[in-house]
Each structure stands twice: as structure tokens, then as C-alpha cells.
Amino acid sequence: MSEAISSARPSGAALYWAVQLRRNRGVRVLFGVDALLLIAYAFLFPGLLTLSGFAKFTQSWFPLALVAMSQAVLMLAGGISLAIGASVSLGAVIAATTMAGPFGVVGGTAVVVLSGLVIGAATGGIVVKLRLPAIVVTLAGSFIIGGAALLVLPRPGGAIPAWLSDLLAGNLPVAFGLLVVIALLWKLYLATPLGLSLYAAGENPVGAFRSGVSVDAARIAAFAISGVLAALAGLFVAAQTGSGDPLIGQAFTLNSIAAAVLGGIGFLGGRGTMRGALAGSLLLSVMINVMFFLGFTPVAQYIAQGLIIIGAVAIPQIRERLA
Amino acid sequence: MSATAALRVKSIVTSRPFLTVLVVAIVWIGASFASRGFGAYGHLRYIVELAAVIGLVAAGQTFVVIAGGIDLSVGAIVTVSAVGLPLLSMDADPTGVSAIVIILACTTAIGFVNGVGVAWLRVHPMIMTLAMATFLQGLLIIIAGGSAVSAHNPLVAWLGNARPLGIPAGIWMWLVVSVGALYILHATPFGARLFALGANPVATQLSGVDVPATTMAVYAISGLLSGLAGVLALGMNGQGYVGIGDPYLLASIAAVVLGGTSILGGSGTYAGTIPGAVLLVTITALITVVNASPGWRSILFGSLILILLLLSGREAARR
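Sequence order for the protein chains is A and B. Residue numbers for the first sequence follow our numbering, so the first one is 1 and each next one is one higher. Residue numbers for the second sequence follow our numbering, so the first one is 1001 and each next one is one higher.
No wet-lab data here; the hints were simulated from the structure. Computed from a prediction, not measured in an experiment: that's the story for all the values here. Glycine included, C-beta positions come from ideal geometry on N, C-alpha and C. Please note that the accuracy of each hint is not assured.
[Stated by the list, open to error] Only part of the chain A face toward chain B is listed, based on derived beta-carbon distances under 7 Å:
#  : residue
1  : 135
2  : 143
3  : 144
4  : 147
5  : 164
6  : 168
7  : 172
8  : 173
9  : 174
10 : 178
11 : 180
12 : 250
13 : 302
14 : 303
15 : 306
[Unchecked claim] So, partial list: chain A residues that the calculated Cβ filter (under 10 Å) puts toward chain B:
#  : residue
16 : 12
17 : 14
18 : 15
19 : 33
20 : 36
21 : 37
22 : 39
23 : 105
24 : 117
25 : 118
[Stated by the list, open to error] So the derived label-pair ranges between C-beta atoms look like this:
#  : chain 1 : residue 1 : chain 2 : residue 2 : range
26 : A       : 206       : B       : 1150      : 39 to 47 Å
27 : A       : 156       : B       : 1292      : 44 to 52 Å
28 : B       : 1165      : A       : 311       : 46 to 54 Å
29 : B       : 1307      : A       : 39        : 36 to 44 Å
30 : A       : 217       : B       : 1200      : 29 to 37 Å
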């Protein structure tokens, strides 16, 4: 009897892949567009297919990918952050001021990660425990975090050890390897009880709460992870330029939201996948590169970027309505 | 009879607009004791005059937020207005009215396009208005080329400098807009539709409200008022430059939230946004008095907004 039931159900693995296939449905078009743009880019710039060319390209994508993930974690849990740019700046200046000091690269990285974790968890605590709207708290937070970055380093300066810059932003695709590792860690996190509650907390907080899910813990953890990812993006940007700049992160706030939404992450929480957010950030990154190679002026890039973002978000909506 | 009167008094005293006014009064009195010049009539008038620009932007933002959206392009629209207007001045029109009318029509049209994106293309308001801001930034670099432009428009100069009855023209303008905004929000069917739309868009649609038209009108109003704020900012500054409107984006959202309007839409009033705008300028003035470094100034500003939020903007508990 029990055998009959178990044979009627799909096996665990089959179920898993069926769910994954369903989840990919929304971002199939995005993956296709990404692939087409990458092919176009490889035609314009054949150097992309060499090891160093691939390394350079993934390095220009890496910080955007990290902030997209940082924003996506929050949006999946039903939050949003307007402080990501400021957190990137803070991560960059902390890296540039600590790594040349007595603690070295390991100590500096630890300080960066810890600051991101503490700031993220504190923001999450304020939003969740004090029941304040995330968008306004992170708006105020962007002033506080940005101010802290200015206190750490009032003007561009500091230093990143040359060997670290060479390792992360040199001719080997180390950054891409790191991205793969981070994506795998994300998969692992989703398999933990805390990670599992993330989607539930974002999709239907009241229902999840009544089913015994620790919604508050899931959301605070999401803020903490988001803080760490943003701070790491700052560390990488500092390594790229070799020094710290207290204002370097500003553009990342809007780009992180754009990438996450392009990747199909819903504003209301619980909708979307991290691979979608990564694909969204890849689209933005390739787009900027391709437009540069086609000789667009920066002004035209702004305008094209605005139009493409609206188009990418609007077209699925329109198609859905026509269907 | 007296019981209902007491109830009414209680509801007014505990209302958000009243509490925000109270906070402003307390901060003003406290600051006057701490810093001699702060409480002088001229200084307080100057604070309110500065608040007028934020108040105008925040009026449009209040409409949008109550209707359940958000407008992140207001800063860019203020810049478009302040930079574009000087370029439109024509010798054939010595009063300068035509340039103002044209630029306001342009900013209203920009807001309308935002509304079309939100209502028809169903782009999330945050993405639509962000993309619009990006778009306008590119456009501004083309038309202004990065240099500051001076206004030679008599009406704009008058708005920035004149003081009919001893009160700056900008404050008069804010007063008129405030009365209009309060009337539209609380005494017209259109205002009632905004609250309904913010509270429950599906039910509003099913009740026969033309939701797309209402949404487009709301964003067009936001564009118009941001354009008006740009004209006033141009008058007070004497010249427009790329980035002149940037501070007003965050200030407008903060003023709306400090005034007790729910960022999720459906409830609130412009009556709270008015003292909210004054409060923000007061905070900035206080921080200037302290003479702190830019880093500390930024931290103070953020912390004070957070503290004020704690006093006001809490969401309902999950049950």
C-alpha cells in the first residue's frame, strides 16, 4: 500500500527539477536576451573569448551582480533598501583604510564583512522590530551610512595591497569564481530552515507567521546578508581602483533595484529567483559594454538604459494582458 | 454634547498634522534658547521660505503616495524646470509668463508619461520614475551641457525676491498650492478616489473608477508641482544647474512620511506634509548651526529622521 503511494508520487529529485523548471519560466526570455547580447558582444569584441578578456568582462559585472543579489534578498523577503549605494561606499573606504594597516588583508576583509553584517542586521532590526517602513528607514540609513563613510575617509584615498588588486581584478577570472561560490552558498542557505522561511516571509507574512515560521528572524537575516553582500561589493570596487572613495557607491542603489526587477523579482516579496537577479544584472552590464563598443555617447547610454529598463519590465506585463 | 466636543478636541490633538506642528514648535523654541539668532522673525521666515520649495514638491509626492505609488523622478523634474526655463525665455514676451507656462506644460507632460507607464504599461512606479529620472539626466546633459544657466525672466526674479505684505512671494505661492491641495484631497470626488486607489486598487477598479485615468492625473499633478518648485528654486537661486533638484527627492518623501501619510498608500493628508517640510528645513538649519563636518552632518540628518519616524510612522503589528 505504502509502496503504491510512493510510486504514484514523483521522486524528490523529479519534483525538485519540475519546480525549478516552473520557476525559470518567467526568466526564460531574459536568459535568451542575455545570451544574444553576449554573442553580439563577442562579435564586437572577440577578445571576450580569451581568458583575460573574460576576466575583465566578469570584473565589470561582479560588483553589479553583488548589489543585485543584495537587493534581491531583501525584495524576496518583502523589503527594499535605498542604502545599498552608501553601504558599497562604506565597504570601499573601510577596505582601503584597514588593509594597509596592521591587520592586513584578512583583518581588513573581516572588518568589512563584520561592518556589513552589523549594519544590515541593525537596519533589519529597526525595520522589523520597530515596525517601520523599510523604504524610509533605509532612506534615513543611506544618510547615516554615507556620513560614516565620509568620516572614515573624507576624500578619496587609502590603499589596497597591489597583490590583492592583481588577484581580484587582474587577468584571471577570480571574481567570476567568487561569484559562483557565492551563488552556491546562496543555494545552501535556501536549504537551511532560516533560508527556507525567506520566501514564505516575503510572500505571505501573516500566513507564514501563523504556520509557525519565524518571519522576523527570516527578514532580519535577509537584511544582514544584504549588508554583507553590499559591503563586499565595496571591497571589490576598492580593489579595482586600488583606493577608497567615500562617494563611489552612489550609482549602485538604483542599479541594484533595476537589476533585481529586470530579473523578475517582485516588489511585493516572495516572487522571483536569485538566478533571475543575476541575469538582470548581467543584462545591465553587457548592455553598457555593448553600447560603449557601438560608440554611443554616455548621454545616449543614459537614455537607452532608461528605455530598455521600462521595456523589459513592461513587455511581459503587456503580453500577459493580451494572452 | 460636551462629550462629543471633548472627543473632537482629543482627535485633533492626537492627529498627526497637529503633532508634527507641535514638534516644529518645540524644536523652534528649544533652538531659539540655544542659539540667539535662530528664533528671530527673519530667520524663521527664511526657514519657511526654503521649506516652500520642498513643500511644493512634497505636495505632488503626497498625492502620489496616497494613491499608492511613489515618484522618484521629482528631483530630476525640478532640475529640468530650473535649467530648461532660462533657455525658453523669448524677447517677444517681456513679462516672462510664456516661458513659465511652457516649462510647466513640459513637466506636467513628463509626469503624465510617468502615469502612462504606471497605468498602461503596468511598470512598477519605483522603476518607471527611476527610469524617467535616468532618462531626464541624460537629456539635461544634452540641453545644458553641464554649465549653470542664469534666468533673465522678470516674473521668476520677482518670485524669488518680492515680499508682498512682508511675506516672500514663494510662501504666498506655497499657501495657494496648499489650500488647493487640501481642497482637492479632502473635498472633491477626485481626492476620494485617490484614497480608495491607495487603499485597494482592485476594489476601486471594480467600483467603476477609471483607475488608469486617475493614476495618470496623479503623476501629472506631481510633475506640475515639481515644475513649479523648479521655477521657485530658480528664482531664489538666480541660476539653474544640473543637480539643483537632487536634494528635493529624498526631502519630499521624508516630508510626506513625517507628516503621517502611509508610504503604503491609502491614508494621510497634506496637512501633515506642510509642517513635515518645515521640520526638515529646521533640522538642516540646526545641523548648520552645529557647524559639523559633512560626515557628521549627514549622520545627524539621518538619525533625526529615524527618530522622528519612530515617533510617527509605525506600521500595524502582525497578528
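Each hint, compared with the structure:
1. 135: Constraint on residue 135 of chain A satisfied, holds at 6 Å.
2. 143: Because about 3 Å separates residue 143 of chain A from the closest Cβ in chain B, which is inside the 7 Å limit, the hint holds.
3. 144: 4 Å, holds
4. 147: 3 Å, holds
5. 164: 26 Å, violated
6. 168: 27 Å, violated
7. 172: 34 Å, violated
8. 173: Hint violated; residue 173 of chain A Cβ to chain B Cβ min 30 Å, cut 7 Å.
9. 174: 31 Å, violated
10. 178: Not OK, violated: residue 178 of chain A not within 7 Å of chain B, min 28 Å.
11. 180: 29 Å, violated
12. 250: Residue 250 of chain A check fails; min Cβ-Cβ to chain B is 11 Å, beyond 7 Å.
13. 302: Result: holds, 3 Å to nearest chain B Cβ.
14. 303: 4 Å, holds
15. 306: 4 Å, holds
16. 12: 33 Å, violated
17. 14: 35 Å, violated
18. 15: 31 Å, violated
19. 33: Where the cut-off is 10 Å and the nearest Cβ of chain B is about 17 Å from residue 33 of chain A, the hint is violated.
20. 36: Not OK, violated: residue 36 of chain A not within 10 Å of chain B, min 22 Å.
21. 37: It is violated, given that the least Cβ distance between residue 37 of chain A and chain B is near 19 Å, above 10 Å.
22. 39: 26 Å, violated
23. 105: 26 Å, violated
24. 117: Status violated, d = 20 Å.
25. 118: Hint on residue 118 of chain A: violated, closest Cβ of chain B at ~16 Å, above 10 Å.
26. A/206 - B/1150: 39 to 47 Å: Distance hint for residue 206 of chain A, residue 1150 of chain B is violated at roughly 56 Å.
27. A/156 - B/1292: 44 to 52 Å: 21 Å, violated
28. B/1165 - A/311: 46 to 54 Å: 52 Å, holds
29. B/1307 - A/39: 36 to 44 Å: Check failed, 53 Å falls outside 36 to 44 Å.
30. A/217 - B/1200: 29 to 37 Å: About 30 Å separates the Cβ atoms of residue 217 of chain A and residue 1200 of chain B, which means 29 to 37 Å holds.
Checked against the numbered hints given earlier, this structure breaks hints 5, 6, 7, 8, 9, 10, 11, 12, 16, 17, 18, 19, 20, 21, 22, 23, 24, 25, 26, 27, 29; the rest are met.
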